[in-house]
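Q: In case you want the letters, here they are:
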Amino acid sequence: MRGHRDLKLVLIATFVCAVVALFVPWEPIQVVAAVPLCLFLPGYAIVSLLFAGRELSRAQLLVFSLACSFAALVLGVLLLNYMPGGIRKVTWAVFLVLLICACCRGAALRRPHPSRRRGPEGPRLRLRRRDLALMTSGLLIGAVAIALAQMAVPAEKAEGFTALWMTPAKASNSSLRVGVVSSEQKEEDFALRVVGLSERPLDRRFRLEPGEERVFRVPVKAGRPRGRVTASLYKAAQPEKLYRRVTAWVEG
Amino acid sequence: MPPRPQRQQKAGRASRPAPARETWDLGQIPLLTLVAGIGVLVCTAANLLERGTHSPPTIIYWVGLLIIGVPIFARLLSEKPDYRERIGLVVLFGLALFCVKVAHDSPMFIFPDEFAHSFNANEIVHHHELFRFNPLLRVTPDYPGLEGVASSLMSLTGVSVFTAGTIVIGVARLMMMLALFLLFARVSRSARIAGIGVAAFAGSSNFLFWSAQFSYESLSLPLMVVALLAFFEWDSAEPEARRPWSVLVVFLLAAIVVTHHLTSYATIIIFSVLSLAYVLLRIDRPNPWRFAAAAAAMVAFWLLVVAGATKDYLVPVLSNAFEGAFNTASGESNARTPFAGSGSGGSDIGVTPLLPRAIALLAVALLGLGMLYGLRVVWRRYRWQPLPLILVLGSFGFFAALLLRFVPSAWETGNRAGGFFFIGLAFVFGHAAIQLLRGERRLRLRYAGLTAALAVILLGGAISGWPWDSQLTPPLRASAEGHEISSEPVVLAEWVQREFPGERFGAPEADARLLLSPGEAIAYAGDSPDVKDIVTTPTLESWQLPLLEDEDIRYLVGDRRDVSGDNVRGYFFRVFGQGNESLLEKGVVDKFSGIPVARLYDSGRISVFDLENRP
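Quick mapping for you: the protein sequence lines, in order, are chains V and B.
Plus 282 on top of the position in the first sequence (first one is 1) and you've got this note's numbering.
Plus 9 on top of the position in the second sequence (first one is 1) and you've got this note's numbering.
So here's chain B without its partners, still in its complex pose (with noise of 0.2 Å):
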């Protein structure tokens, strides 16, 4: 139910805790908990059935999300919750969307980057040190936060990686939602803003599987909101009780600088920013400079002491976004059709479907007129602050950087930079909402088109960030006749797992991936070495035996599944008529056969050669 008029002058209030010792109750967090919870059944049921190979319509998984999060919605945008039952909203709301991801992957991870740090998990916990080699991601050793957390929890209780993951990343979940609402609720004043900016938070295409990932920037990002918490509560305490605040602002600043690489620059970034607005508008608060300027001394320290690889790893990837936003921009190359996808080994995985593309499309456009309505406010409330008007700079950074999905070698990096940028718009857009529901003509048409608008945001992050066909998990493990079975790739790492352990692979993508974690080998894929051709082509070059034998890779694995160079497709079983079960030319094995060399695994499409037993 909207608010009545005379009620409006509450609206946007943050009401703190009242000194007095007095009762609250929940409001309608239990009702919504039980609604949450009957939203996550209803996608963990269409990723069962996806699972099953029933090939359940996705719109079951979208109205999962929906029930989980249109009744948050509403009542977030309600003026009746109080501050905790706001609180309360957006825990829940990022913790039952963090259940879906868990639902998504389970039993095990299966998301790209997952695997790496899984690894990487590992090999601290077996090895009882910190910095051992990767062979598929070479710099996330050198960022060993993430893992180093994992690590104090698989070493304390033995719980495999995947356990120990999900309970981490689900902490940092819940904590980036206190943090951030914290953080609007503090620089807004408004506990309603700064709920419903935490709502539209999650229609950023990161949310919800990205940034839920058992990844680094899953917990340096909400490392990075409670910094600058922290900096607005010192920002805001009179002077002598800033000591403690600097002291947490920089302890936190150490933290993510040993956690993740972007985010350290990012937080450079944002602290430099705000240190030359304080010069600008002449604010008479001591400048933040010295934040940035930590920040920037324990980057340069840690780039020249431990992580000096980081500079080949992001320096090809920023430098070929920022040439091929240039060669798109200037017409010499050809832009990218966003939807039109292919998987990441190269197969073709068609076109989105017209609905998702019209909802992640109106998303974005609701994100827009949401910027354009709020910034006005926005303006007139903190032209004259620093931190709010960083936050106005985000959602100009967010457009921004959707352009660069037109960029064929850009649009990952977009992405990534959306997810940073989406902090600023979602502020705005929270002014917007609020904003919008001020008049007192036809305000329930406004709830439910604000409502509605929200539930078009969400849908839309989880559309756009994530291919639309692997939205739901097709089965990795199933059951038969009361017993259970594995998908191809999976039963090979069990038994390099097994066999194996520690020895040098070449192998696809997936495969790799899979040896990692679970398989627990030293496995190359990709261009460096070029471990992608010798698996790909179906004649053996000159070239290919040397590279191995100088890289010391003893076992190479051929895969004849045109998914294994997919490393979001290629871990599960083959499905008839999934579009999974292209196969390469059978030379991609066969050549090795043919040096002989010993064939010590076969299971049909893939095979594992040892290339120092020979005659």
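So that you can see chain V by itself, here it is in the shape it has in the complex (with noise of 0.2 Å):
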């Protein structure tokens, strides 16, 4: 790559994305690694290696480069398909790192002179100080409203409401699990009665935070015969109305 510092930095910047994307255990950074990663570094080397006597434009650079990266991920994930090992985290970085290698190497070699060049020559960006504040504010603003966007917010008029569950424990059969998921506006009282594990119902009461669930371990008696077991929600202010019912049949 002697001479070619586009390249060069291609694969310094490669290298450094993989690395980041693989063993750092901290999302938003693997974000701001894997994006050129997957969708600019691939399209940059091919880019490189099939013009590699001409230049572009910068504008033609970028969208090439984009387009590339898509089209090498889209066909690459077929190829990955098919290798042992299929669809990984590690086979996709092994493949990004090699497709750029192999790239960057076939474009230096195609390259008719080596030159010192950083890239396409234009005309050098003029950055005054009130341009940069007025863009870090607009995309400032921009970030501000996505990060609203994803926040819930108080919504009066929409209806609460209380689920009631239940299923086998997932480890063993020999307990069931009753769950109940409050989506209420307000933090309500709950009484839940389970029937038919025993002679005796199983009776709970508890009170619920908006968004809270609370879930119930109850044992199913080994050789129990199979029988009908039924778990009935009732909100403590309307003991005699029944709220929810599930239902299931069990046996030990």
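Cut-off 35 Å, straight-line C-alpha distance, at most; resulting in silico cross-link-like pairs (DSBU-like, lysine-lysine):
1. V/LYS468 <-> V/LYS517
2. V/LYS439 <-> B/LYS541
3. B/LYS600 <-> V/LYS517
4. B/LYS595 <-> V/LYS439
5. V/LYS517 <-> V/LYS503
6. B/LYS600 <-> V/LYS503
7. B/LYS595 <-> V/LYS517
8. V/LYS468 <-> V/LYS439
9. V/LYS468 <-> V/LYS523
10. V/LYS439 <-> V/LYS517
11. B/LYS541 <-> V/LYS523
12. V/LYS468 <-> B/LYS600
13. B/LYS600 <-> B/LYS541
14. V/LYS468 <-> B/LYS595
15. V/LYS523 <-> B/LYS595
16. B/LYS541 <-> B/LYS595
17. V/LYS290 <-> V/LYS371
18. B/LYS600 <-> V/LYS523
19. V/LYS523 <-> V/LYS439
20. B/LYS320 <-> B/LYS541
21. V/LYS503 <-> V/LYS523
22. V/LYS439 <-> B/LYS600
23. V/LYS517 <-> B/LYS541
Worth flagging that the hints you see were computed from the coordinates, not collected in a lab.
With the hints in hand, could you dock these two chains into one complex?
A: Here you go:
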């Protein structure tokens, strides 16, 4: 790569991005590394290989680099699908690093004369402080808007509800799990009654905050004949009125 | 400020980067970035008010769109910006409108097709292989391009499909704006026409939401535009310099074929018509038939080897569209009334109010006038050039596709096709605008009029692109006493994701989509198999249980919400007074209790039954 500064930079960026994406355990930093590794560097390497003998404008270089990166990923995923290991973190990283290295090497060999230039020549950008401040403000406002959009806001007219569920425990069949999820607008008191597992019903009283879930593990006696189990949920404010009911047939 | 007449000579010329090392500044980009940021914030505020159930007037949202668009339109119409500034402006415009879409559906994908593609991407990441079954849109796993790209980010970083998909579509949007600008600029040799053309393209009804969703066309359409740009460079290059361009075109065509069926067919058609035009116009440059042949060969290979199901997916849609168009034209069936919508589940959503209807119709009228006015210029300038002629054909195609909106079974086909044709219409409109600004009389008025026309076109596209009552998003999640609560179908999907991932469910349309993603279940809905009737009929018919057994569907979702069959409106909280309160008959749920089978989940209106758990 001697003399091809842009290709050298691409290779360094590729290795740094791959190492960061693979080994840094912090997602935002991984994303910052993975985005250029996936969506720009492969395309830049491919375009450099294809157009080793001629220069493209910066806009052309950008648009073809993006498009070739997408195309490389689209066709690359087909290749990985039939490779041992399949489509995984490591195989993606290896594929991308190999692709970029091979294309950069090919581009370096195909370029007629080593060039010490950074890339296509063009006028230098003159960035004034005012411009920088305006752009930063605009980007910050946009970022705040997107961040706000991710937030949940109070929705007073939205009707809350509570869900009751029942499933066999995952680890073994020796117990049932009964859960109550509150999506109510305010804190509520509930009464849960599970019948059918023993002579006496299982009663629980509890309070749930909005968004809270409570799960009860209900043991099932070994050798119990198959029978119906019913869990009923009542709101404490209306103990006589059935609010939710789930039912299943269970055997020990 | 309009330019003075003596400076008119410069208007419309692309000032390409000079070879000498000089300096350039960003022009009005910084200021307009700030303004666009404010516009995005206003659109977000409108969405937040809607999520807060305050029923804000949609006009707040339109004001946000106008804050983004109008200053950029005014600047693009002006002759002052140089080539680079125009590129910056169209990119800024495209990305700002993409942020509006992200703000619309945060914090999760809510457009109907996004659930199917999210499911496919999750399947690739979890199972490390392609072509896994998708019960809702069975053809989508056979076109894994978009999901493959998203899976690279998901696998390398562990981010969710929402984050990865948003980044991928955002970068695809950036590529689209750049590629369209470069294509228009190279063909017209005018950065000004290119900028205005790209601005007009945002008036396509698919631009704001449909082409920005996490769906295969959102990637394939930008790739197609880049392929056309590469083709133009191939066509313009010296013979010895053509080879890399032809390799690039074929490389991009291969990616399109793997990404989206309709775009790959559109590409074959475009290159075939181009080949024909080369023959008819006796162009003495190499005929591009080889690109048409390459695309056709790759499509045939893909259909034969991988995506054979595409025929079963597309043929009924297209034949229904043709048949419907014929029946409507011959008077055998009634025409569809645009703007008088019903939800996809049949729920009545009323007529679009007069003002948005008027704006949408005015936008179409302005586009029609722009086309008529621009055609003269385009014909004079390009009548011996094949690619511009194809773009002109596209502008005619857009209005032909508009007619399909009056056909009940074809309006969606027309809407999809319109997105492709609009590229040509935008090109012609750019010429019309520049032609209009050539005169010297009332120039200031012409600038103002054209800026206003572009604003109307932008709003018209936004209005006709998505149902008027869903332009803003109702609450999907909400804050209550400092905690976060979710809507009924979302809570169901999260429960299924935790308790029954990978299990087979039958459910109404909206629930099934959420069960796919984030629920990660195999969820069936719709007519094939006929789950739709099973979940909507109040009595248990004799065929229903055997069908579920045949399809190995163990869990069934009974949902009394009328909107559960509506794949646009069925995901949200029930809000008093907003028309999503009506219920189906009790029997749609109770009929399963009577079998009897286990009811594992009950959230009031939604229940989940385990058909294999019986006495």
